[in-house]
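Asker: Under numbering that gives the first Met the number 0, the first residue of the sequence shown carries the number 0, and numbering increases by one thereafter.
These are computed hints drawn from the structure, not numbers from a lab.
We treat Cβ as the ideally placed atom computed from N, Cα and C, and that holds for glycine.
Keep in mind that a hint or two might mislead.
Listed next, with one range per pair, are the computed distances between beta-carbon atoms [unchecked claim]:
#, residue 1, residue 2, range
1, Lys187, Gly122, 25 to 33 Å
2, Gly228, Gly73, 36 to 44 Å
3, Arg71, Ala104, 16 to 24 Å
4, Lys331, Pro175, 16 to 24 Å
5, Phe72, Glu298, 33 to 41 Å
6, Tyr102, Arg71, 17 to 25 Å
7, Gly173, Lys109, 26 to 34 Å
8, Gly77, Thr198, 42 to 50 Å
9, Gln188, Val126, 39 to 47 Å
Calculated pairs, EDC-like style, for lysine to aspartate or glutamate (alpha carbon to alpha carbon, straight line, at most 20 Å) [as the list claims (entries may be wrong)]:
#, residue 1, residue 2
10, Lys131, Glu214
11, Lys70, Glu325
12, Lys257, Glu319
13, Lys253, Glu328
14, Lys127, Glu111
15, Lys127, Glu328
16, Lys245, Glu298
17, Lys75, Glu325
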Amino acid sequence: MAGILVNNILPQPPIFLPTSSSRSRSSIRNLVMVKASAEPSESASVSTKPGKDVGAVVFTAPPGFKPPEPKRFGVKSGKLFDVLGAAVGVLFRFGTGVFVSGYSASFVSKDEIPADQYALRIGGITVKETSKLGPRPEKPIEIYEFEGCPFCRKVREMVAVLDLDILFYPCPRGSPNFRPKVKRMGGKQQFPYMVDPNTGVSMYESDGIIKYLSEKYGDGTVPLSLSLGALTAITAGLAMIGRVGKGNLYTPAKLPPKPLVFWAYEGSPFCKLVREVLVELELPHIQRSCARGSPKRQELLNKAGHFQVPYLEDPNTGVEMFESAEIIEYLKQTYAA
Numbered sequence: 000m001a002g003i004l005v006n007n008i009l010p011q012p013p014i015f016l017p018t019s020s021s022r023s024r025s026s027i028r029n030l031v032m033v034k035a036s037a038e039p040s041e042s043a044s045v046s047t048k049p050g051k052d053v054g055a056v057v058f059t060a061p062p063g064f065k066p067p068e069p070k071r072f073g074v075k076s077g078k079l080f081d082v083l084g085a086a087v088g089v090l091f092r093f094g095t096g097v098f099v100s101g102y103s104a105s106f107v108s109k110d111e112i113p114a115d116q117y118a119l120r121i122g123g124i125t126v127k128e129t130s131k132l133g134p135r136p137e138k139p140i141e142i143y144e145f146e147g148c149p150f151c152r153k154v155r156e157m158v159a160v161l162d163l164d165i166l167f168y169p170c171p172r173g174s175p176n177f178r179p180k181v182k183r184m185g186g187k188q189q190f191p192y193m194v195d196p197n198t199g200v201s202m203y204e205s206d207g208i209i210k211y212l213s214e215k216y217g218d219g220t221v222p223l224s225l226s227l228g229a230l231t232a233i234t235a236g237l238a239m240i241g242r243v244g245k246g247n248l249y250t251p252a253k254l255p256p257k258p259l260v261f262w263a264y265e266g267s268p269f270c271k272l273v274r275e276v277l278v279e280l281e282l283p284h285i286q287r288s289c290a291r292g293s294p295k296r297q298e299l300l301n302k303a304g305h306f307q308v309p310y311l312e313d314p315n316t317g318v319e320m321f322e323s324a325e326i327i328e329y330l331k332q333t334y335a336a
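Hey, can you work out the whole structure from these sequences and the hints?
Answerer: In structure tokens form, the structure reads like this:
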């Protein structure tokens, strides 16, 4: 399937699976072709070629599935400590990843902003939020990483600050697909690893990636909280305390032919809980970053009639849904092997 668009928003780079000549063709239900290269993908298409005698895997929503109604600031029963543990990281990282670069807020009259325009509304208070964005990449930047890595967290925070859409390839320990691919492309299994198909640049090292993204897609400024060297790494590590071990290890799963689309931002504890599962199941996903001040908040409001994150779009099943706890359950039921 060439030239597929995810909901007509972003192109999809190829998904790769390692293959083995010792495996019988009859045992392969769905084969996604490999391009083991240090060069970024030339195509933005997903190519799926099933074996001659078997059909492609068809993914469907769980039986009786119905997307839940969004509940603002709602926490599902029994999940409060998970949310609190995920929120610890925001405190250790001084809120980095919560606001877009150049963020500003002002109180306005409730009549100044129409009901169909996004604004922060709490009670009778209306807050108008704005930001200053740099150049936008034409193709989504690809980043290979995993949730439990403090160096990867630093890069994800910068992604939120710059309001970039990223195609994340999860690389949890023990995963069979994208972790080995990084070694083939760059020569070592080290994370994060970035590939920018817009410029042909590929690189390791979190500080280098942050500097590159800032200069290419921002104003060249790196936030102080991301410029403190070892202290940045230490606090990023401490940010994992509330969710130790989560988002680190691979859970056997079925690889979908198309990346999922995940509306989220690094500073949200609800988004973090979902990303842990996306990473553990090794599910590629285009993250549409929408921290405070992001114009994509209006995009999601237009699309879904409501702004709330996380929000998941699954082009493999047609499911679109809010609510972190239900998204997690959906992902496990649909993709866990």
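Asker: If a hint holds in the structure, say so; if it does not, say that too.
Answerer: Comparing the hints with the structure gives:
1. Separation of Lys187 from Gly122 is about 53 Å and departs from the stated range, judged on CB atoms against 25 to 33 Å.
2. Checked against the hint of 36 to 44 Å, the C-beta distance between Gly228 and Gly73 comes to roughly 39 Å, which is consistent with it.
3. Judged by the Cβ atoms, the range 16 to 24 Å given for Arg71 and Ala104 holds: they are separated by roughly 19 Å.
4. Taken as a hint, the range 16 to 24 Å holds for the pair Lys331 and Pro175, whose Cβ atoms sit roughly 18 Å apart.
5. Distance hint check for Phe72 and Glu298: the Cβ-Cβ separation is about 21 Å, which falls outside the suggested range of 33 to 41 Å.
6. Checked against the hint of 17 to 25 Å, the C-beta distance between Tyr102 and Arg71 comes to roughly 21 Å, which is consistent with it.
7. For Gly173 paired with Lys109, a C-beta distance near 52 Å fails the hint of 26 to 34 Å.
8. Between Gly77 and Thr198 the beta carbon distance is about 46 Å. The supplied range of 42 to 50 Å therefore holds.
9. A hinted range of 39 to 47 Å for the beta carbons of Gln188 and Val126 is consistent with their spacing of about 44 Å.
10. For the suggested pair Lys131 and Glu214, the alpha carbons sit about 14 Å apart, so the restraint of at most 20 Å is met.
11. The straight-line distance between the Cα atoms of Lys70 and Glu325 is roughly 12 Å, inside the 20 Å bound, and the hint therefore holds.
12. Between Lys257 and Glu319 the alpha-carbon distance is near 14 Å, which keeps this suggested pair within the 20 Å criterion.
13. Of the supplied pair hints, the one linking Lys253 and Glu328 holds, its CA atoms being roughly 15 Å apart against a limit of 20 Å.
14. Distance restraint check for Lys127 and Glu111: the Cα-Cα separation of roughly 9 Å lies within the 20 Å cut-off, and the hinted pair is therefore satisfied.
15. With a CA separation close to 34 Å, the supplied pair Lys127 and Glu328 exceeds the 20 Å bound.
16. Restraint check for Lys245 and Glu298: the C-alpha separation of about 30 Å exceeds 20 Å, so the hint is violated.
17. Taken as a hint, the Lys75 and Glu325 pair is honoured in the structure, with Cα atoms around 9 Å apart against an allowance of 20 Å.
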